[in-house]
Structure formats: C-alpha cells, structure tokens
Amino acid sequence: MLENKTRMVWRKYFKPPRGFKLTKAGRIFFVFLFAIIAVAMLTGNNLLFMILAFMLAFMIVSGLESERNIRYLEIERVLPSEIYAHTPSRIGYHLRNTRLTSDRLVINSLGGIKVACLPKGPGEIYTTEYAFERRGRQHLGDVQVYTTFPYGLFEKSITFALADDIVVFPEPMPVSSAAALGREDSGRGKGTDSISHVRPYIPGDSGSLIVWKKLHLGLFSRVVEGGSGLTGVIVLLPGGELEEKLSQAAFLVGELFTSGGQFGLAAGNYFSGLAGSRDHKIKILTYLADLDVIGAPSPAIDYGTTKLIYL
Amino acid sequence: MERPNLSIYDIPLLTTGISLAGILALSLAGMLAWPVFVLIAALHLAVYRWLFHKDIPGYLFGVVIAAIFIVEGLRIYFQGRGAVLPALRDMIVILALTRLVLKKTTREIYQIVGISIAECILATVFTISPIFLLGIMLDAFLTPIVLYLLDGYEFQAGTPRHPPLTHFVGVFLGIMAVSTALFFIIPRPSSTIVSLGIAERRRTGFAEEVDLAKAGALEQDRSIVMRIFWSQGKAPESFYLSGARLDVLTRKGFLKRVGQPVAPAVNTPVSDRLTIYPTGLESRNVFFPFTLVGTVPSTIFSQGLNYYWRSTTPPFYDVYVTRVLSLRFEAQDLRFPEELQGVATLARRVAGQAAIPVQVKRLRTYLATHCTYSLAAPTPGTLQRPIESFLAGGGKGACEHFASAMAAMLRAIGIPARVVTGFLVSEFNTTDNYYIVRASDAHAWVEYFDGAWRTVDPTPQTQIKKPRSSLIDALRFRWIRWVIEYSLQDQINLAVSVRLGMPRLRQGLSGLNTWAGLIFAVIVIIAVMIYLPRRRLGPYARVLHALKRKGLALDPALTHEEHKQRIKTEWPGIAPHFEVYLRSYLAWRFGDRKVEIQPLTEALIAKIHKTKYTPQKGE
Numbered sequence: 001m002l003e004n005k006t007r008m009v010w011r012k013y014f015k016p017p018r019g020f021k022l023t024k025a026g027r028i029f030f031v032f033l034f035a036i037i038a039v040a041m042l043t044g045n046n047l048l049f050m051i052l053a054f055m056l057a058f059m060i061v062s063g064l065e066s067e068r069n070i071r072y073l074e075i076e077r078v079l080p081s082e083i084y085a086h087t088p089s090r091i092g093y094h095l096r097n098t099r100l101t102s103d104r105l106v107i108n109s110l111g112g113i114k115v116a117c118l119p120k121g122p123g124e125i126y127t128t129e130y131a132f133e134r135r136g137r138q139h140l141g142d143v144q145v146y147t148t149f150p151y152g153l154f155e156k157s158i159t160f161a162l163a164d165d166i167v168v169f170p171e172p173m174p175v176s177s178a179a180a181l182g183r184e185d186s187g188r189g190k191g192t193d194s195i196s197h198v199r200p201y202i203p204g205d206s207g208s209l210i211v212w213k214k215l216h217l218g219l220f221s222r223v224v225e226g227g228s229g230l231t232g233v234i235v236l237l238p239g240g241e242l243e244e245k246l247s248q249a250a251f252l253v254g255e256l257f258t259s260g261g262q263f264g265l266a267a268g269n270y271f272s273g274l275a276g277s278r279d280h281k282i283k284i285l286t287y288l289a290d291l292d293v294i295g296a297p298s299p300a301i302d303y304g305t306t307k308l309i310y311l
Numbered sequence: 312m313e314r315p316n317l318s319i320y321d322i323p324l325l326t327t328g329i330s331l332a333g334i335l336a337l338s339l340a341g342m343l344a345w346p347v348f349v350l351i352a353a354l355h356l357a358v359y360r361w362l363f364h365k366d367i368p369g370y371l372f373g374v375v376i377a378a379i380f381i382v383e384g385l386r387i388y389f390q391g392r393g394a395v396l397p398a399l400r401d402m403i404v405i406l407a408l409t410r411l412v413l414k415k416t417t418r419e420i421y422q423i424v425g426i427s428i429a430e431c432i433l434a435t436v437f438t439i440s441p442i443f444l445l446g447i448m449l450d451a452f453l454t455p456i457v458l459y460l461l462d463g464y465e466f467q468a469g470t471p472r473h474p475p476l477t478h479f480v481g482v483f484l485g486i487m488a489v490s491t492a493l494f495f496i497i498p499r500p501s502s503t504i505v506s507l508g509i510a511e512r513r514r515t516g517f518a519e520e521v522d523l524a525k526a527g528a529l530e531q532d533r534s535i536v537m538r539i540f541w542s543q544g545k546a547p548e549s550f551y552l553s554g555a556r557l558d559v560l561t562r563k564g565f566l567k568r569v570g571q572p573v574a575p576a577v578n579t580p581v582s583d584r585l586t587i588y589p590t591g592l593e594s595r596n597v598f599f600p601f602t603l604v605g606t607v608p609s610t611i612f613s614q615g616l617n618y619y620w621r622s623t624t625p626p627f628y629d630v631y632v633t634r635v636l637s638l639r640f641e642a643q644d645l646r647f648p649e650e651l652q653g654v655a656t657l658a659r660r661v662a663g664q665a666a667i668p669v670q671v672k673r674l675r676t677y678l679a680t681h682c683t684y685s686l687a688a689p690t691p692g693t694l695q696r697p698i699e700s701f702l703a704g705g706g707k708g709a710c711e712h713f714a715s716a717m718a719a720m721l722r723a724i725g726i727p728a729r730v731v732t733g734f735l736v737s738e739f740n741t742t743d744n745y746y747i748v749r750a751s752d753a754h755a756w757v758e759y760f761d762g763a764w765r766t767v768d769p770t771p772q773t774q775i776k777k778p779r780s781s782l783i784d785a786l787r788f789r790w791i792r793w794v795i796e797y798s799l800q801d802q803i804n805l806a807v808s809v810r811l812g813m814p815r816l817r818q819g820l821s822g823l824n825t826w827a828g829l830i831f832a833v834i835v836i837i838a839v840m841i842y843l844p845r846r847r848l849g850p851y852a853r854v855l856h857a858l859k860r861k862g863l864a865l866d867p868a869l870t871h872e873e874h875k876q877r878i879k880t881e882w883p884g885i886a887p888h889f890e891v892y893l894r895s896y897l898a899w900r901f902g903d904r905k906v907e908i909q910p911l912t913e914a915l916i917a918k919i920h921k922t923k924y925t926p927q928k929g930e
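Chains A and B, in that order, are what the protein sequence lines are.
According to my numbering, the first sequence holds residues 1 to 311 in order.
According to my numbering, the second sequence holds residues 312 to 930 in order.
For the record, the hints were derived by calculation from the structure and aren't laboratory data.
Some clues are possibly wrong.
Simulated crosslink set (DSS-like; lysine-lysine; CA at most 27 angstroms straight-line) [said to hold, decoys possible]:
{"no.": "1", "chain 1": "B", "residue 1": "K563", "chain 2": "B", "residue 2": "K707"}
{"no.": "2", "chain 1": "B", "residue 1": "K859", "chain 2": "B", "residue 2": "K921"}
{"no.": "3", "chain 1": "B", "residue 1": "K859", "chain 2": "B", "residue 2": "K879"}
{"no.": "4", "chain 1": "B", "residue 1": "K921", "chain 2": "A", "residue 2": "K120"}
{"no.": "5", "chain 1": "B", "residue 1": "K545", "chain 2": "A", "residue 2": "K120"}
{"no.": "6", "chain 1": "A", "residue 1": "K114", "chain 2": "A", "residue 2": "K24"}
{"no.": "7", "chain 1": "A", "residue 1": "K120", "chain 2": "B", "residue 2": "K861"}
{"no.": "8", "chain 1": "A", "residue 1": "K24", "chain 2": "B", "residue 2": "K414"}
{"no.": "9", "chain 1": "B", "residue 1": "K861", "chain 2": "B", "residue 2": "K879"}
{"no.": "10", "chain 1": "A", "residue 1": "K283", "chain 2": "A", "residue 2": "K307"}
{"no.": "11", "chain 1": "B", "residue 1": "K545", "chain 2": "B", "residue 2": "K861"}
{"no.": "12", "chain 1": "A", "residue 1": "K120", "chain 2": "B", "residue 2": "K918"}
{"no.": "13", "chain 1": "B", "residue 1": "K567", "chain 2": "B", "residue 2": "K672"}
{"no.": "14", "chain 1": "A", "residue 1": "K24", "chain 2": "A", "residue 2": "K213"}
{"no.": "15", "chain 1": "A", "residue 1": "K21", "chain 2": "A", "residue 2": "K156"}
If you want the footprint, here are the derived chain B segments under chain A, 3+ residues with CB under 8 angstroms [what the hints assert, rightly or not]:
{"no.": "16", "stretch": "448-461"}
{"no.": "17", "stretch": "479-487"}
{"no.": "18", "stretch": "783-791"}
{"no.": "19", "stretch": "804-817"}
Note that this is a predicted model, so its numbers are computed, not measured.
Think of the CB as a built atom: it goes at the ideal place given N, C-alpha and C, for glycine as much as any other residue.
Work out the full structure: start from the sequences and follow the hints.
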C-alpha cells in the first residue's frame with residue numbers, strides 16, 4: 001500500500017518522465033560550474049562558494065521555470081484519413097495547456113514543429129509534413145515535446161505515450177485510367193460532366209483532356225467527375241514489379257473514385273466487389289498496403305460485364 | 312546580417328550593462344582604480360550609444376587576443392609569479408572591451424555574458440569586502456534577462472512572448488533566496504590545498520616581543536583586528552587582553568622566556584568565557600584576559616608563559632578564564648641585569664621605603680610626570696640602552712617604553728614584575744554587544760607580584776572609549792563571520808543547533824497564549840476538514856464523491872449495478888469509463904485478481920473532472 005502511495009505521488013509530480021540535455025551554452029555553463037567547484041574546494045574561498053551558490057540557484061530557478069512551462073501540456077496526434085508512401089502527408093498535433101501559457105516548445109516527432117508561444121486554453125493544431133518511407137501498417141509511438149525555455153542552457157523534454165497504428169497506402173504512380181480501361185474518353189464528356197481538377201498529363205490521356213491554356217506551364221489534363229463514371233475492376237496479375245503494380249493500382253483507385261464510377265480490385269482469390277464509396281476506396285487501399293504476394297486470379301470470380309484493368 | 316533584434320527589450324543596453332557589471336565587480340574588489348573604471352564606463356556608453364551595431368571585422372578579436380597573450384606572457388616571464396593575477400585581470404578586462412567593441416551576434420553576446428561572469432569570479436579572489444557584491448548582484452539580475460532574450464532569438468519561430476520586467480525581478484529574488492540557502496548548505500572542505508584569495512591578515516598592531524629601539528614612528532592603524540563577545544560572566548567596561556608575557560629582562564628590554572612551559576590553570580573554576588573572532592590578526596598567540604583555564608578548540612601549546620595555536624589561528628575560539636590571580640612567582644621574575652644599575656638607583660630613590668602599593672604608585676607617578684608619551688621614533692642615541700635613556704632626562708616613548716621602565720624599576724626594588732603585551736580593550740558596540748579591538752589598541756602594561764599577580768598600567772595617556780552603537784560594523788562583522796569565515800565547523804554547529812532547536816521550538820509553542828493556540832487549532836481543523844475526507848475515502852467512494860462534485864449525486868445505498876444504470880442514462884459520456892472501472896473495482900474488491908485500483912481510480916476521477924456533464928433525463 002505504501003509502495004502504491006509513493007508511486008502515485010511520484011507519478012503525480014514526475015510522470016511523464018522528463019528528459020534532460022545540455023545545450024551548447026549549457027555545456028559552457030557547466031564548465032564554469034565545475035571550474036568554480038574545483039577552485040572553491042581547493043582554496044576554501046567562501047566568496048567562490050557564494051558564486052557557486054548563485055550558479056546553482058540559477059540552475060534551480062531555470063529548472064522550475066522550464067518545468068512550469070511543460071508541466072500541464074497535453075497533446076493528441078491528428079492524422080489525415082489517407083496516408084500514401086513517399087508522399088508528404090500533413091501530420092497534426094493538437095497541443096494544449098489548459099492552465100498556463102507555454103513558450104518555445106518543439107514537438108519532436110516525424111520532424112520538429114516549433115511553437116513560439118502556446119496560449120493557455122483549448123490549444124491549437126500544429127502540423128508538419130512527413131513522407132513515410134514504405135507502405136503497410138506502421139506504429140507511431142511516443143511524442144516528445146522539449147523546450148529550452150527560459151534561458152537556453154538546458155533542454156528539458158516531456159514524452160507523451162501516444163500509440164497510433166496507421167496504414168500507409170502505396171505511393172500512387174500515375175497511369176492513365178482511360179488508357180488502362182482501353183477507352184477513348186471524350187474528356188469533356190456529356191453535358192452533365194464537370195471538371196473535378198487538373199493534374200499533370202499522363203501518357204495515354206486523351207488529347208481532348210489537355211488544358212491548352214496552361215501550355216506555357218507544361219502539359220495538364222482535366223479530370224472529370226460526376227457522370228463520366230469510369231467503371232472497372234483492377235486486376236493484379238502475378239509477376240513483374242510488385243511495388244510498381246501496387247502504386248499504379250493505388251493511383252487508379254484514386255482516379256476511379258474521383259470519376260465517380262464503380263470500381264473494384266481483384267488479386268488472387270480476393271475480390272473487393274464493386275462500389276464507388278469512400279469506404280470502399282479505403283478498403284481497397286488498405287488491402288493494397290498489406291499485400292505482399294499476388295496470386296493468380298481466381299477463375300471463380302464473376303466480374304460480370306465490368307471492364308477489367310490488368311496490371 | 313546576424314544581428315539580434317530582440318523586441319521590447321533593449322539588447323544593446325543589456326549587453327553593455329552586463330559587461331559593465333563585471334568590470335564594476337572588479338573595480339569594487341579593488342582591482343581597478345576608479346579613474347580606470349570611469350574610463351571603461353565611458354567606453355561602454357560610447358558602444359551603447361554609437362558602436363553597438365557597427366560591423367567591425369571579427370578577425371580583429373583573434374588578433375587582439377594573440378597580442379594580449381604575448382604581452383601578458385612576457386610580463387609574467389619578466390616580473391615573476393607576483394604578476395600572474397594582475398596579468399589575468401588585464402587580460403580579462405581587455406578581452407571584455409574588445410569583445411564589446413567588435414561585431415556582436417548572439418554568439419558574441421553569449422561570450423560577453425561569460426566574460427562578465429569570469430570577471431565576477433576573479434573579483435572574489437581579490438577581496439573580502441561585501442561591496443563588490445553590488446557588481447555580482449547586477450550581473451545576477453541582468454544575466455537571466457539576456458539569456459532569456461538570446462534563447463528566444465535563437466528559437467527562430469514565431470514571435471516569442473516577453474514577460475514584464477517584474478517577472479525578472481521575481482527571478483532575481485528567487486535566485487537570491489535559493490543561493491542564500493545553498494551557500495550555507497554546500498559542504499565546505501575541512502582543509503584547503505591552495506591558499507588563494509583568503510582575507511589577508513597583515514595588520515596586527517600587536518608585537519609579541521618588545522623592541523624599544525624600534526626605528527620609525529608607530530602607525531596608528533584603526534583597522535579592526537578582533538571582535539570579542541563576553542559570553543559568560545560580567546563584562547567589564549574595559550580589560551587587558553594579554554597576548555604575551557615577557558619576563559626575561561636584558562639590557563635592551565624585556566624578552567619572552569623560552570622553554571619550561573606553564574600549563575593553564577586547568578583545575579581552577581571558570582569565572583568568565585569570551586568568544587574571540589580574530590578577523591584581521593596574523594599572530595598565532597592565544598589572547599585572553601586574567602588567567603587562562605582552557606580554550607575551545609584546545610589545540611594550543613605553551614612556551615614559557617605564553618600560549619600559541621598549533622596551526623593557524625582558528626576563525627573564532629572560546630577562552631575560559633578565571634579572575635582568581637596567580638599566587639606564585641618564580642626567581643626569573645626578580646632577575647635584574649647588572650648593566651641597569653642606573654635604573655636601580657633611580658627606582659630606589661623614587662620608591663623609597665613603603666608598602667608595595669605605595670611604591671608602585673610613586674613609580675607610576677614619576678613616570679607620568681618625568682616622561683612623555685609619544686609615538687614618534689626614539690632618537691638614535693637611545694637605542695643601545697633604551698630603558699636607561701628613556702628614564703634619564705625625561706624620555707619620550709610609547710607604552711612599551713613606559714611598561715618596560717616600570718617593570719625594570721619594580722624589579723630593581725625587589726618586586727617581581729614582568730611586561731605584558733596585548734590589547735587594551737574598551738570599545739564596545741552596543742548594536743550587537745561585542746568589544747571591538749583595533750590595531751591601534753595594541754598596548755603594553757605591567758604585572759607585579761604583591762601576594763598575587765596584579766596589573767598596573769604606567770602609560771599616562773591610556774584612554775577608555777565609551778560604548779557606542781555601530782550598525783555598519785555589526786553588519787561588516789556578520790559578513791566576515793557568516794560569509795568570509797563560514798566553515799565546516801559552522802555547518803556542524805548549525806546542524807546541531809537545528810537538532811537542538813526542535814525541543815526549544817516545541818517548548819516555545821507550548822508557551823503560546825491560549826488565543827493563539829485556539830486560532831492555530833481552528834486553522835488546522837479547517838485544513839483537515841477540507842483535505843482529509845477525500846483522502847480517507849475508499850476508491851469507490853472517491854469516485855462517487857467526484858461524480859457528486861460534477862452534479863451527479865448517487866445514493867451510496869444503491870448497488871453498483873444501479874449506479875451503472877443511472878450513469879448510463881444520466882451521463883452517457885462517462886458511462887463506458889465507469890463500466891470499465893467498475894469491472895476492475897469489483898475484481899479488486901471481491902475477486903481474487905490483483906488489481907492496482909489506485910491508479911485506475913485516479914484516472915477515472917481525472918476523466919470525470921475533464922468530461923463535461925450535462926444532466927439528461929432518464930427514461
């Protein structure tokens with residue numbers, strides 16, 4: 001019981017544990033400090049002990065101020081709904097201090113984020129861009145927030161145990177959906193089609209989709225949505241470069257979803273079915289992120305009349 | 312362009328200010344003459360006003376450093392060891408000025424702060440004066456501000472917040488308070504290896520040996536050499552503090568006896584105790600009034616009639632004395648050299664045939680009327696037979712001449728006598744109730760035997776000073792006592808007094824009046840009422856208490872399941888957490904599973920506090 005109580009007190013005041021590092025100025029400060037300790041001990045000169053006491057007191061006050069600065073911090077990781085490998089994703093951190101204003105914080109996770117001043121209150125979301133190196137399931141661990149506040153001699157850090165498991169989708173590798181579907185798309189489509197966005201030209205895109213007005217900036221193609229209804233099933237075939245196929249598939253999934261049509265994925269015995277929803281897209285991308293080996297397509301799968309995109 | 316542009320605070324002012332603080336500390340420590348300081352201060356003003364942002368090439372700094380090292384190195388080489396500290400001072404001052412004048416980025420400003428701290432450290436080596444603290448305190452005030460701004464500048468993101476100046480005043484006061492406490496706690500070495508920068512004890516005024524042929528006038532040095540607390544016994548208006556007894560009479564005067572040590576009168580009851588703080592005395596003699604019984608510390612040894620400290624004089628010591636006079640004299644105290652027959656003839660003529668006190672009075676009167684008190688140097692013709700010369704033809708002399716002449720004349724008429732040197736103590740500081748002993752209080756007098764050893768002072772112009780109050784000296788003494796001379800022994804005494812102080816504190820508290828006791832009791836009861844109920848509750852009761860504070864009061868008489876249902880309907884936001892907790896709680900309370908319920912309780916209570924409660928109507 002006593003042990004529990006001690007642990008509780010310890011946790012209350014010191015958890016999460018603080019990290020401590022010297023900055024360059026701090027190292028020089030310590031050189032001074034140890035020199036004074038040595039000379040004071042050798043000579044017994046009380047005035048040197050007084051200077052030593054000043055310096056130690058300065059350290060203590062600095063420690064108290066920095067502790068006050070990070071003591072009541074709270075942080076949550078804010079992740080985007082879709083994260084693709086090798087593609088910068090905006091990772092956010094909701095940082096708040098409900099009791100005090102904090103200064104000069106650095107969120108040290110997936111690239112540092114500097115926060116000059118965090119006002120007391122509900123907090124703010126600070127973001128950084130980060131490109132994950134590989135696809136698949138990944139674990140985002142602890143987040144460290146450190147500060148050199150107030151005097152820049154020491155770097156005190158607080159580590160937050162944030163555990164987030166994320167799925168990093170394959171890096172989209174552009175491939176023309178129209179070409180992949182073997183369809184000479186009119187691009188401007190029927191009267192109900194509307195332009196979703198403009199993207200760089202991909203070989204295979206219809207000439208009618210090219211935005212000639214932007215020729216001076218390079219070749220761009222229009223992407224239409226709402227009615228152009230590109231529909232198809234991406235079928236992954238064994239052999240060839242796996243990562244390239246997965247990347248192309250991820251790109252096509254995005255394109256097909258944007259076009260508003262129904263789409264699906266087949267690989268080995270797996271068939272996602274046909275749908276056009278966002279959940280369906282995420283489901284397919286998650287499958288692609290996890291895929292290690294592509295088996296031969298199962299003849300038992302009935303695709304109906306849907307166009308097949310073989311990769 | 313790397314230039315600090317640090318918002319509301321004027322960094323040029325702070326930088327020049329911190330640089331000047333270091334120089335000020337050096338100057339206050341007596342290492343820089345005031346005109347030099349004024350010149351340097353003017354240079355600082357010029358830098359602040361015109362030169363701060365001038366881009367003077369940084370490589371000049373290296374050139375200047377190299378030049379300083381060469382010049383000061385040569386100086387030490389040619390002038391020897393004595394030039395080391397002055398060379399160090401010059402180097403650091405020139406370094407500070409060069410750094411201040413040349414280009415300044417954050418790196419250079421850090422260097423200026425470092426140099427300033429180094430100057431303060433150097434100042435401590437040279438002084439014991441409290442005044443130099445002004446420089447150090449100015450440094451201690453400015454350094455946090457400058458470092459704060461530099462760190463904000465180097466952060467290089469957004470606009471740093473700048474607290475008001477009062478914040479830094481608070482920081483300064485905090486540093487002062489903590490450093491004061493630390494100063495007394497940091498363990499002191501029991502012995503030191505290098506003797507550097509400790510208070511110099513050159514001033515003394517006291518001379519163990521009497522040199523009547525001393526050439527050159529005596530100086531009237533007013534510096535304080537001792538402070539004495541009369542810790543036990545009735546403090547007199549004035550007293551003779553003896554340092555050495557001289558009982559060997561030669562043609563040239565009295566000398567101390569060597570060999571045959573006389574032990575202190577250890578079996579005699581102690582009548583008085585004095586605590587002596589020799590703050591500026593070089594001598595190793597043990598000083599005491601009357602007859603010595605013992606000392607603390609007891610590390611003394613005797614040689615002849617005198618006592619000495621085995622090593623250096625302790626920073627303070629207690630002497631235990633008795634006012635009972637010694638009843639013994641030795642043949643040594645009567646020896647009279649043949650060469651001083653002239654003195655003997657004069658003594659017999661002046662003293663005549665009478666009782667000893669009458670003879671003593673006659674001799675004293677003779678000296679007072681025929682000799683003149685003077686601190687001037689004796690004439691060269693008197694140097695060979697100083698006592699005879701002094702007595703013949705109305706001599707001029709100091710207390711040593713009077714005492715030697717008196718003692719010699721007493722011996723000449725068959726009265727055992729000796730010269731005693733020490734201090735005549737009469738200056739009393741009523742602020743802290745201690746005697747002040749100055750170098751100018753050094754004195755010589757006579758002890759003669761008349762059934763017991765008695766004291767007579769033949770010097771005519773002996774003055775007794777009136778007690779007076781001196782706050783400045785009391786503060787200076789405290790500074791010396793508790794800062795400069797603070798030692799390991801003091802730390803031990805402090806620890807012991809804290810330990811002993813506890814029962815005294817309890818005793819003191821028991822002596823408080825009834826009303827104070829009642830008020831204290833009420834405060835304690837209120838504090839207990841506020842604090843303890845929460846702590847004394849069990850884990851589940853604490854959860855119920857927390858819910859109640861948020862507005863959801865649950866009847867403790869209901870079952871856990873009923874509590875759960877009610878929470879589910881009235882506060883769905885907290886219900887899942889409560890359910891999870893309840894499972895663990897029931898397992899802990901009734902099951903045989905080992906569950907750490909306290910952290911879970913704390914976590915749930917924290918969740919309850921953080922979650923917003925909006926009362927909902929149940930079905």
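Status of the hints after comparison with the structure:
1. With a C-alpha separation of about 16 angstroms, the suggested pair B/K563 and B/K707 falls inside the 27 angstroms cut-off, and the hint holds.
2. A hinted pair counts as satisfied when its Cα atoms are at most 27 angstroms apart, and B/K859 with B/K921 qualifies at roughly 14 angstroms.
3. A C-alpha spacing of about 15 angstroms is found between B/K859 and B/K879, which places the hinted pair at or below 27 angstroms, so the restraint holds.
4. Distance hint between B/K921 and A/K120 is fulfilled; the C-alpha atoms sit about 16 angstroms from each other, no more than 27 angstroms.
5. For the hint linking B/K545 to A/K120, the alpha-carbon distance of about 66 angstroms lies beyond 27 angstroms, and the restraint is violated.
6. Our distance criterion of 27 angstroms between C-alpha atoms is met by A/K114 and A/K24, whose separation comes to about 19 angstroms.
7. With a C-alpha separation of about 23 angstroms, the suggested pairing of A/K120 with B/K861 holds against the 27 angstroms cut-off.
8. Between A/K24 and B/K414, the direct Cα distance comes to roughly 21 angstroms. Compliance with the 27 angstroms bound is thereby established for this hinted pair.
9. Restraint check for B/K861 and B/K879: satisfied, since their Cα atoms lie roughly 15 angstroms apart, inside the 27 angstroms limit.
10. Simply put, A/K283 and A/K307 have alpha-carbon atoms about 20 angstroms apart, close enough for the 27 angstroms limit, and the pair holds.
11. With a CA separation close to 71 angstroms, the supplied pair B/K545 and B/K861 exceeds the 27 angstroms bound.
12. Between A/K120 and B/K918, the direct Cα distance comes to roughly 20 angstroms. Compliance with the 27 angstroms bound is thereby established for this hinted pair.
13. Proposed proximity of B/K567 and B/K672 is supported: the alpha carbons are some 26 angstroms apart, at most 27 angstroms.
14. Between A/K24 and A/K213 the alpha-carbon distance is near 55 angstroms, which puts this suggested pair outside the 27 angstroms criterion.
15. Distance check on the hinted pair: A/K21 and A/K156 sit about 6 angstroms apart at the alpha-carbon level, within 27 angstroms; holds.
16. With a threshold of 8 angstroms between beta carbons, the proposed coverage of the stretch 448-461 of chain B by chain A holds, since 6 of its residues qualify and at least three are required.
17. Given as covered by chain A, the stretch 479-487 of chain B passes the check, having 4 residues with a CB less than 8 angstroms from a CB of that chain where 3 are the minimum.
18. Only when three residues or more bring their CB closer than 8 angstroms to a CB of chain A does the claim for the stretch 783-791 of chain B stand; here the count is 0, and the claim is violated.
19. Counting residues of the stretch 804-817 of chain B whose C-beta sits closer than 8 angstroms to any C-beta of chain A gives 0, which falls short of three, so the coverage hint is violated.
In summary, the structure is inconsistent with hints 5, 11, 14, 18 and 19 from the numbered list given earlier, while agreeing with the others.
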